[in-house]
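Protein chains in written order, with my numbering: chain S, -3 to 226; chain R, 127 to 408; chain E, 127 to 408; chain P, 47 to 270; chain B, 47 to 270.
Calculated directly from the structure, the hints in this document are not laboratory data. One thing to keep in mind: the hints can contain errors.
Sample of chain R residues at the chain P side, in silico, Cβ under 8 Å [said to hold, decoys possible]: (1) Phe177; (2) Gln204; (3) Gly209; (4) Phe210; (5) Phe212; (6) Asp214; (7) Phe218; (8) Pro219; (9) Asn220; (10) Ala230; (11) Lys276.
Quick caveat, the model's predicted, so the values are computed rather than measured. Every residue, glycine too, gets a C-beta built ideally from N, C-alpha and C.
What follows is the residue order along each chain.
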Amino acid sequence: KLTVAVAANMQYAMQELVAEFNKTDKTRIDIVPGASGKLTQQIQNGAPFDIFISADKEYPQKLAGNKFTLEPPKVYAQGLLVLWSAKPNIQPSRDLKLLLGANIKSIAIANPKTAPYGSAAEFILKKYALYDKVASKLVTGESISQTSQFIGTRNADIGFTAKSIVIAGAMKGRGNWVELNAADYPPIEQSAALLKFARQNNITTARKFYNFLYSAKAKAIYNKFGYIVK
Amino acid sequence: MIDLSLQKVLHTAEGEMQLDVTAKIESGQFVSLYGASGAGKTSILRMLAGFMKPDSGFIKVNDAVWFDSRRKSHLEPQQRKIGFVFQDYALFPNMNVRDNISFALDKHEPRQIVTELLEVTGLSNLATRKIQTLSGGQQQRVALARAIAKKPSMLLLDEPLSAIDNVMRDQLQYTLLEIHKRYALTTILVSHNANEIIKLSDTVIHLEQGSFREQTSPARFFGNGNEASKLTGNVISLDEKGNAIVLIDDRLLTLPVPGTILNNNDRIEITYSNFQIQLLQH
Amino acid sequence: MIDLSLQKVLHTAEGEMQLDVTAKIESGQFVSLYGASGAGKTSILRMLAGFMKPDSGFIKVNDAVWFDSRRKSHLEPQQRKIGFVFQDYALFPNMNVRDNISFALDKHEPRQIVTELLEVTGLSNLATRKIQTLSGGQQQRVALARAIAKKPSMLLLDEPLSAIDNVMRDQLQYTLLEIHKRYALTTILVSHNANEIIKLSDTVIHLEQGSFREQTSPARFFGNGNEASKLTGNVISLDEKGNAIVLIDDRLLTLPVPGTILNNNDRIEITYSNFQIQLLQH
Amino acid sequence: MIDLSPLWLTLKLSLSTTLILFVISIPLANWLAGGKDIFKIIVQAIVSMPLVLPPTVIGFYLLLAFSPANAFGSWLEEWLNIRLVFSFTGLLIASVIYSLPFMVHPILSGLSSLSPSLKEASWSLGKTKWQTLTKVLLPNIKPSLLTGIVLTFAHTVGEFGVVLMIGGNMPGKTRTASIAIYDEVDAFHYHTANVYAGILLAVSFIILLVLYTYNRKMQQAKFY
Amino acid sequence: MIDLSPLWLTLKLSLSTTLILFVISIPLANWLAGGKDIFKIIVQAIVSMPLVLPPTVIGFYLLLAFSPANAFGSWLEEWLNIRLVFSFTGLLIASVIYSLPFMVHPILSGLSSLSPSLKEASWSLGKTKWQTLTKVLLPNIKPSLLTGIVLTFAHTVGEFGVVLMIGGNMPGKTRTASIAIYDEVDAFHYHTANVYAGILLAVSFIILLVLYTYNRKMQQAKFY
Ligand SMILES: Nc1ncnc2c1ncn2[C@@H]1O[C@H](COP(=O)(O)OP(=O)(O)OP(=O)(O)O)[C@@H](O)[C@H]1O
Ligand SMILES: Nc1ncnc2c1ncn2[C@@H]1O[C@H](COP(=O)(O)OP(=O)(O)OP(=O)(O)O)[C@@H](O)[C@H]1O
Ligand SMILES: [Mg+2]
Ligand SMILES: [Mg+2]
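Assemble the whole structure, with the sequences as input and the hints as a guide.
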């Protein structure tokens, strides 16, 4: 049995991944979803996880720095930022000009301090010199999924979220979204790490699954869920 | 004129007791309710006050209907202009003695009656005391003062003087009677004390097991010694000079009884044939 | 033999009152505490029971020291083998009448005393009743039964019969005395009722404002009518036949007084010169 | 430097919530204490319901309720021009709903423990039910009122899930101390988190100490 | 299909927490009710402290305390071979700490409202303090005990922050219903979340209804 800590927004891609993996290896794999930051705190304090699949690059890096990983973490996929509104009369545009409009009262972003999609959104707003103008409209979600709740329930008129949210699962087809120019923000790279705990557990299978995360079959699944893989 | 007829089943664990009382009380009268423990005296007061609803019957006070089961009318206790002295006092622990009494007054009423009542009940020195720091008798006096402060037209007293010492009791009985007369109150008193009832009341209503027995004058009701100059008492002790010390109610008499063969605890009847009366106080 | 000397400053809002009582009480005696409201009677009982600590002094019961401020010894109430009847009864609302009384017994003690006590206090029919459903007098009887059930060696009674009607009171006084004798109790009773004190007690301790006044026999203490065959009373009414109805304590006498000019409410003294005594009950 | 605005906001939110709940809960508890019918028992059970759900979930349902996509939210927006999410008012409403049981329960149990003759005595003195409540009943259940106030206040200070969900973490508007601490912990800024938590604990501790000392004095006056 | 194990886990956690707190809080409240010294007031204030911090933050501090990386946690691990983080025992300890005020406060205010002569009467009948507490005092503050039980139980059912932090969302072990609902909401599985929330609400509602009806009956017996 393996226990894998998974960033909340990756859990559905991960379920499919596990299903795929189980076609050749029947080992039971428990998925523990959570915010990447919280999972990191927990790993540092003794959580029994074999593998950590983060939504960013920094948390696994931090764990590696503190010697909680068996080897340096590796990037497995890259997230894409979209601008999304669930209101039928709002049509998001790539130039972001509409954010200045009077009909846009609140713009949801993920917390730039802790969530990579949040810092990417902040970066792009600054780059377009819009940040100061819209700063008072910004409402912050704790995670990318909470941010998406704000948008999906139309409490926020519009907001920045991950492509994986709008192309798969429950929010698919709701409202309008547009993919932002990937060159306008630093890549949202997501890494995974093989954790030291695996050594006491089932290191062979853990490594097998860890390697599977970087296989071609896995890449196809990431693509399907809205990530790009280099 | 109070015209009442009250029926209620009192739920008691060993069965139910039917309370059933019909009586007419003249306005301005002082009426005592007398009966054994559990006879329903407190319950009747509570129905008069409006705290408890009778199952059927009516209460008419002068021309006003306070309660009528047929017309489904029930006047709230607030509207009844009553004063109530509770058996457990029911003083307000959050207020001191003076505030408990003033609470009965409306905002703009003059406060001097409070000072007056503190005086009358001997509570002036205790005016700023918290209720919990008072002795039992002191609490009872506060309860009495509070019930009177509103100058109610009907005063309901549930054993208001039971915890009070004799001297104070005499004095408060006098006060009660004074107040009863001064404000032309109709007063209904629950008491176990014959002396108190005789002194204070115009009529006695006798209850037995929830039922009305009779309504009569206290003199007739307690008038067992009425026919002749007879006293009954108990021999407490016999002294060496041939005297018997006899307890008659609250007092002791020394009777010369040379030669008789009385013993301690004998119950005796004394018949007087010759006596002189001297006026002590007019 | 109880040897006590108790000092305590009682905090009262209008100043402090020094309680100071020294007395010796023979084992097996029936002692009454008498004094005005607020004199400190309840406080003394509470110190004897161990609920309240004196500032200084001692309590010695036979050879045991219950309290000694110098030796800093203080026996817990549980160890004192006392029975206490509280002025507010302090019955346990969560138990019915029988359970309140049985609570006094240890697990393995036989329960028949409970049945006996229920009988004696006239509560047999109410045995399964919740406390809150009892009338005031009924509650007082439960409190008394509960205090006696443990067969304490000292019984402390804080106005145990004040809310009880006359018939039941007579009966319970008799019971109290019986129990007092049967179990060789030392009993200390707080009461305002002279008749009760005279009937029951061997000595009276008189308190005034917290200070010990005297310790004497009830006959001497209440013996103001002792010297001669004199009675004082109040004229309640005068009838057309020339009789005066006179209230003497709890009873009424009809005295033929033709020609005198007595009025209602006159206080009179009756001096008898001739009387006959008849034995009613031995 | 530490940003103090989350602390002020927390204080404002907690005080307002406590005050509003105090005012709401007294008549509610009084009504519940008064009778015996099944309807009142049901209401009493409903009052406790907010406790059972995780705060974030309550927050989520409130998010749905307040949403302009739904009847209630769009009614608010169109007719009153109010948007409750991401506003202090919204937070306040959510806190009030969420903390309701903490105020109602203690007051209710206080009222039920009073002797009924207190109430009757006041009625017999001609006082209305309202006067009886405010001048006689409430002053005599001070320990229960205190319990209600302390539980409500402290609970709102520490409340987090609901606030996070419908507040939107807007600095100076909906970013309360609890959220700030949470953020700092999440960002591994332990020092800042500790400072916030320390201030919160110290201030609350002092407030409670003062309240309890006062309450103890009151009760001592009762028995010396 | 709905996974029922989070519901069972929640029930187990809530019942255990309530039971443990009931046992702890009675002597604690009794001790607090007994005196007047400043030390007791300080303890009383400390009891309320868990309320003031956001649950996740308490969870975080407990995580640090229990962590094998720290003194206490490593002592537990080395000497007793216990690891509290990510285990049911750890969850239980955390819940007990966090819910302490919900049980202590109502019991304390119940005990302070009893007439002191009840206690004295029991002593005079030779009963020890403990017998007095269990047979006389507690049976007479049933509404307060009920309040404590209801608040604690319901609060533990809804508890989320602490559990998430030190429990770690492990299926069947520490994944309680509140976390499950949170996850489902997070994943936009509104239907599943609604089902969980619905079950939680319905079950709690029924439990409360039964408790209140019973309590009301008790009180009616008092005054008919
Ligand atoms: N609210 C009520 N409903 C029904 N029955 C009641 C109620 N209150 C009291 N009772 C019952 O009515 C009976 C009479 O009680 P009540 O208090 O009227 O007696 P009482 O004559 O005042 O006695 P005491 O002199 O001992 O005070 C009692 O047996 C009691 O159980
Ligand atoms: N615990 C206490 N500490 C200090 N003073 C007290 C305490 N309890 C009561 N007192 C005060 O002591 C005085 C005497 O009270 P106590 O209850 O002993 O009077 P009492 O003689 O029993 O009066 P009553 O006949 O009215 O019951 C009262 O004025 C009261 O204020
Ligand atoms: Mg009565
Ligand atoms: Mg007394």
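Here is what the structure says about each hint:
Because the smallest distance between the Cβ of Phe177(R) and any Cβ of chain P comes to about 5 Å, under 8 Å, the interface hint for this residue holds. Interface restraint check: Gln204(R) against chain P, minimum CB-CB distance 5 Å, threshold 8 Å, status holds. Given the 8 Å rule on beta carbons, the hint for Gly209(R) holds: about 7 Å separates it from the nearest Cβ of chain P. For the restraint placing Phe210(R) at the interface with chain P, the shortest Cβ-Cβ distance is roughly 4 Å, inside the 8 Å limit, so the hint holds.
Here the hint on Phe212(R) is kept, as its CB sits about 5 Å from the closest CB of chain P, short of 8 Å. Hint status for Asp214(R) relative to chain P: holds, with the closest Cβ pair at about 6 Å, below 8 Å. Below 8 Å, beta-carbon pairs count as interface contacts, and Phe218(R) has one with chain P at about 5 Å; its hint therefore holds. The criterion of a C-beta within 8 Å of any C-beta in chain P is met by Pro219(R), whose closest approach is roughly 6 Å, and the hint holds.
Evaluation of the Asn220(R) hint against chain P yields a held restraint, the C-beta minimum of about 4 Å falling below 8 Å. For the restraint placing Ala230(R) at the interface with chain P, the shortest Cβ-Cβ distance is roughly 5 Å, inside the 8 Å limit, so the hint holds. Among the interface hints, the one on Lys276(R) holds; its C-beta lies about 6 Å from the nearest C-beta in chain P, closer than the 8 Å criterion.
Going through the hint list in order, the structure satisfies each hint without exception.
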